[in-house]
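Q: Quick mapping for you: the protein sequence lines, in order, are chains A and B.
Sequential numbering from 1 applies to the first sequence in UniProt numbering.
Sequential numbering from 1 applies to the second sequence in UniProt numbering.
These are calculated hints, taken from the structure and not from any lab test.
Since this is a predicted model, take the numbers as computed values, not measurements.
Mixed in with the good hints, there may be bad ones.
[To be verified] Pairs of lysine to any residue residues, derived as SDA-like cross-links and limited to a Cα-Cα distance of at most 20 Å, are as follows:
{"id": "1", "chain 1": "A", "residue 1": "95", "chain 2": "B", "residue 2": "24"}
{"id": "2", "chain 1": "A", "residue 1": "52", "chain 2": "B", "residue 2": "95"}
{"id": "3", "chain 1": "A", "residue 1": "52", "chain 2": "B", "residue 2": "130"}
{"id": "4", "chain 1": "A", "residue 1": "52", "chain 2": "B", "residue 2": "47"}
{"id": "5", "chain 1": "B", "residue 1": "95", "chain 2": "B", "residue 2": "47"}
{"id": "6", "chain 1": "A", "residue 1": "71", "chain 2": "B", "residue 2": "34"}
{"id": "7", "chain 1": "B", "residue 1": "71", "chain 2": "A", "residue 2": "126"}
{"id": "8", "chain 1": "A", "residue 1": "95", "chain 2": "A", "residue 2": "49"}
[Said to hold, decoys possible] Some chain B residues close to chain A (C-beta under 8 Å, calculated; not the full set):
{"id": "9", "residue": "19"}
{"id": "10", "residue": "21"}
{"id": "11", "residue": "37"}
{"id": "12", "residue": "77"}
{"id": "13", "residue": "126"}
From the three backbone atoms N, C-alpha and C, an ideal C-beta is built for every residue, glycine too.
Listed below are the residues making up each chain.
Number of protein chains: 2
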Amino acid sequence: MLGRLNHVALAVPELTAAVAAYRNTLGADVTEPQALPEHGVTVVFVNVGNTKIELLEPLGEGSPIAAFLEKNPSGGMHHLCYEVDDILAARDQLKAAGARVLGDGNPKIGAHGKPVLFLHPKDFFGTLIELEQS
Amino acid sequence: MLGRLNHVALAVPELTAAVAAYRNTLGADVTEPQALPEHGVTVVFVNVGNTKIELLEPLGEGSPIAAFLEKNPSGGMHHLCYEVDDILAARDQLKAAGARVLGDGNPKIGAHGKPVLFLHPKDFFGTLIELEQS
Numbered sequence: 001m002l003g004r005l006n007h008v009a010l011a012v013p014e015l016t017a018a019v020a021a022y023r024n025t026l027g028a029d030v031t032e033p034q035a036l037p038e039h040g041v042t043v044v045f046v047n048v049g050n051t052k053i054e055l056l057e058p059l060g061e062g063s064p065i066a067a068f069l070e071k072n073p074s075g076g077m078h079h080l081c082y083e084v085d086d087i088l089a090a091r092d093q094l095k096a097a098g099a100r101v102l103g104d105g106n107p108k109i110g111a112h113g114k115p116v117l118f119l120h121p122k123d124f125f126g127t128l129i130e131l132e133q134s
Numbered sequence: 001m002l003g004r005l006n007h008v009a010l011a012v013p014e015l016t017a018a019v020a021a022y023r024n025t026l027g028a029d030v031t032e033p034q035a036l037p038e039h040g041v042t043v044v045f046v047n048v049g050n051t052k053i054e055l056l057e058p059l060g061e062g063s064p065i066a067a068f069l070e071k072n073p074s075g076g077m078h079h080l081c082y083e084v085d086d087i088l089a090a091r092d093q094l095k096a097a098g099a100r101v102l103g104d105g106n107p108k109i110g111a112h113g114k115p116v117l118f119l120h121p122k123d124f125f126g127t128l129i130e131l132e133q134s
């Protein structure tokens with residue numbers, strides 16, 4: 001079921017400094033910030049060739065990364081996103097195996113315009129996993 | 001400087017359950033556990049096609065992931081490893097930019113038999129970064 005690693009999401013309190021660190025200090029290929037108000041984040045993509053690193057800054061009230069940044073004020077690794085061929089089949093298989101799907105269990109349209117689901121980090125040893133329809 | 005994402009390292013308290021979750025629940029391609037006593041971990045590789053996920057369990061006294069697991073007893077995302085063409089040039093460039101290299105600043109031979117360095121997570125917004133000579 002588990003396909004390629006689509007991205008690693010890193011939550012940061014403030015994008016300007018993070019972009020400078022990745023672009024200037026690490027010499028990475030970094031995009032311009034893109035506001036995604038419907039997802040409560042502003043995102044920058046770091047292209048590392050085989051996958052993407054997403055730097056996420058909270059945007060607006062009730063950002064999905066706000067609680068994480070309260071616990072980790074300087075930022076940190078937020079989630080891993082894997083691609084799956086069929087997100088509904090993946091969900092049904094995961095639920096049958098006892099894994100908890102966050103929210104109401106129905107895929108939402110994610111930041112890349114594709115259906116996504118999140119799995120409970122307690123079922124995966126502290127790692128929040130996003131699945132995205134490929 | 002920053003090349004492809006070589007792996008994502010996830011620390012887990014105990015590999016048997018983590019292997020079952022990745023192999024059976026997530027349907028991933030998972031190797032057999034490999035003890036690396038000189039690195040203080042037992043490792044399992046999850047092959048997701050474009051990169052690797054490494055599940056790390058502490059091995060022996062003074063494991064480098066022991067402190068992390070004390071803070072995060074159920075496990076969590078431990079570090080990201082990127083490839084670089086020239087690790088000494090990368091180190092010198094990073095130090096010139098003010099980034100802190102952990103340890104004595106000299107590359108060590110990592111778990112894949114190649115020279116590696118770790119960068120201070122405070123300089124990269126809470127993410128521990130490993131650089132590996134490609």
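Q: All hints, please: hold or fail.
A: Do the hints match the structure? See the list:
no. : hint         : in the structure
1   : A/95 - B/24  : holds, 12 Å
2   : A/52 - B/95  : violated, 25 Å
3   : A/52 - B/130 : holds, 16 Å
4   : A/52 - B/47  : holds, 17 Å
5   : B/95 - B/47  : violated, 33 Å
6   : A/71 - B/34  : violated, 34 Å
7   : B/71 - A/126 : holds, 12 Å
8   : A/95 - A/49  : violated, 33 Å
9   : 19           : violated, 11 Å
10  : 21           : holds, 6 Å
11  : 37           : violated, 22 Å
12  : 77           : holds, 4 Å
13  : 126          : holds, 3 Å
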